[in-house]
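Q: The residues making up each chain are set out below.
Number of protein chains: 2
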Amino acid sequence: MRYECSWRVDVQKLPCLILVGLGLHDECGLTLRGLKSARDADHIFIETYTNYMPDMSFSNLSNILGKEPIKLIRKDLEEDSGRILEYAKKSKVAVLVPGDPLIATTHVQLAVEAKKLGIEVAVVPGVSILSAAISQSGLQSYKFGKSVTLPFARGRQFFETPFEVVRENKAKGLHTLMYLDVDCEGRSMSIGEALALIMNWEETERKGVFLPSTLVVGLARIGSDHPVVKAGSIEELRTYPFGPPPHILIFPGRLHFMEREALRYLAGASEESLESISWAKK
Amino acid sequence: MRYECSWRVDVQKLPCLILVGLGLHDECGLTLRGLKSARDADHIFIETYTNYMPDMSFSNLSNILGKEPIKLIRKDLEEDSGRILEYAKKSKVAVLVPGDPLIATTHVQLAVEAKKLGIEVAVVPGVSILSAAISQSGLQSYKFGKSVTLPFARGRQFFETPFEVVRENKAKGLHTLMYLDVDCEGRSMSIGEALALIMNWEETERKGVFLPSTLVVGLARIGSDHPVVKAGSIEELRTYPFGPPPHILIFPGRLHFMEREALRYLAGASEESLESISWAKK
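Keeping their order, the protein sequence lines are chains Z and L.
Every letter in the first sequence is one number past the one before it in my numbering, and letter 264, counting from 1, is 264.
Every letter in the second sequence is one number past the one before it in my numbering, and letter 187, counting from 1, is 187.
Bound conformation, chain Z alone (with noise of 0.2 Å):
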């Protein structure tokens, strides 16, 4: 395959610190200008631990690539960045990073650190859950509110805040993005788990912010050749089966004429959980 792809910038100046997104699911979210840039570099670091990249080919990748990246672990970037960037000062390294480079914390913090060094910074942007779950919901990206985490129960502190945030956004008719937890050994909530847990948190709470009828899209592996989009009440997502995860969650809130469409049609919503919800014809 032939193609043409410029990097006519401040990056081709070495030293440099070039972050590329990777995009979701596996190796095959990567750009063209990603790959350009990454094959570009002296040194090629990786790390997949702030996505979760379920069908990522580490030999397919270094294939494409033409070399084999660096595998990073969580410490190297988190409290031995420096050694990266001892790397960034002599020569032009690139660091892929699953999703968007610049969604994670952790990313932000290594490109600031290496600009506090004098460290010439670029970002290649990658496919992000955020605006692809968005997109793959068929709900309208305007129309959501501040997005949210669920986190596994670990007591109640953790507990009121994606409730009120669902709650709050609703309440203007706006839809909420809300992510799944990872723990600590790296597992997924399942939507199975997540909704169990809203329904325990209601029954406990009986705020009437969810229902069993309330509606809910469900979407597994986005980006992935093989997607799941379900729109349905959260008693059918309860036990729908998604498959393995990535899992996310989107609640609905006011619907567009066009966005119940789209639920109806491209998520299989049935035409009894649309009732559920309130929709505006404009």
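Accuracy of the hints is not assured; some may be wrong.
Claimed, not checked - 25 Å max Cα-Cα, derived DMTMM-like pairs, lysine to aspartate or glutamate:
id : chain 1 : residue 1 : chain 2 : residue 2
1  : L       : Lys116    : Z       : Glu236
2  : Z       : Lys207    : Z       : Glu185
3  : L       : Lys143    : Z       : Glu236
4  : L       : Lys115    : Z       : Glu236
What the hints assert, rightly or not - Computed far set for chain Z versus chain L, every beta-carbon distance over 12 Å:
id : residue
5  : Glu160
6  : Thr204
7  : Ser213
If you're looking for bench data, these hints aren't it; they were derived computationally from the structure.
The C-beta atom is built at its ideal place from N, Cα and C for all residues, glycine as well.
Given the structure of chain Z, go ahead and fit chain L onto it with the hints provided.
A: Structure of chain L alone, referenced to chain Z:
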């Protein structure tokens, strides 16, 4: 360059409609998965009017794809989508779309129409300005509230929403992503024009939302080889040389310490402009 990119699933079944995200700025934003799925299609269509792709080289794209995509104009998708769907009833059709395919309502509608006709639909996500602008600002994605578009002046009723959205988000400490309008001749609003419009509105309405010292982040040509990200006061950014479009704005809410560092080191904010905003340590 060798690469392997599996595409195992439903879309192998003919016929189908595959919406492929082109990402930002030029053809090099395409992902390997997007490239593979377009090359596998019997017919490739492309539209480039829902997002501005300043450096897109049609001939380079044709080279990469191994065939010349058929250009679509607005009417082809909005009034005459039946023609594309006729192809998709009989063969594998890829439609290349700037950014992420389902962020624009036009393509959601196309996907819904296809499904109604029983056509298999697949989506290959692309880099969207939604996530890329948020991440490149160095601000934390979960602290963004509702986003909004600033339209060209066309009478008062169009005006209130963007200011109201920024005001409401700020009141809750949330950041606001503000898209800048494109007029019917395809001219994109610049950051300078946008800030002039905003200060003009503030001078008339005196709501106290925007002061000359108010912190704002301007972003130009995100996803290209020569992006500009600059944070500063409205007064500073009104005359800052951002270069050609596309431009986009972010109005920060409350800043975390790390966000403050990011604006300082990655977006060149002066200490003075950062002082104008309240910030919380966590």
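Q: If a hint holds in the structure, say so; if it does not, say that too.
A: Against the structure, the hints come out as follows:
1. L:Lys116 to Z:Glu236: With a Cα-Cα distance of about 23 Å, the restraint between lysine 116 of chain L and glutamate 236 of chain Z holds, given a limit of 25 Å.
2. Z:Lys207 to Z:Glu185: Given pair lysine 207 of chain Z, glutamate 185 of chain Z is violated - Cα atoms ~32 Å apart, limit 25 Å.
3. L:Lys143 to Z:Glu236: The hint is violated at about 31 Å.
4. L:Lys115 to Z:Glu236: 22 Å, holds
5. Glu160: Since the minimum Cβ distance to chain L is about 15 Å, glutamate 160 of chain Z lies beyond 12 Å and the statement holds.
6. Thr204: 25 Å, holds
7. Ser213: The claim stands: serine 213 of chain Z keeps its Cβ more than 12 Å from every Cβ of chain L (closest is about 24 Å).
Figure legend: structure checked against the earlier numbered hints; hints not met, in rising order: 2 and 3.
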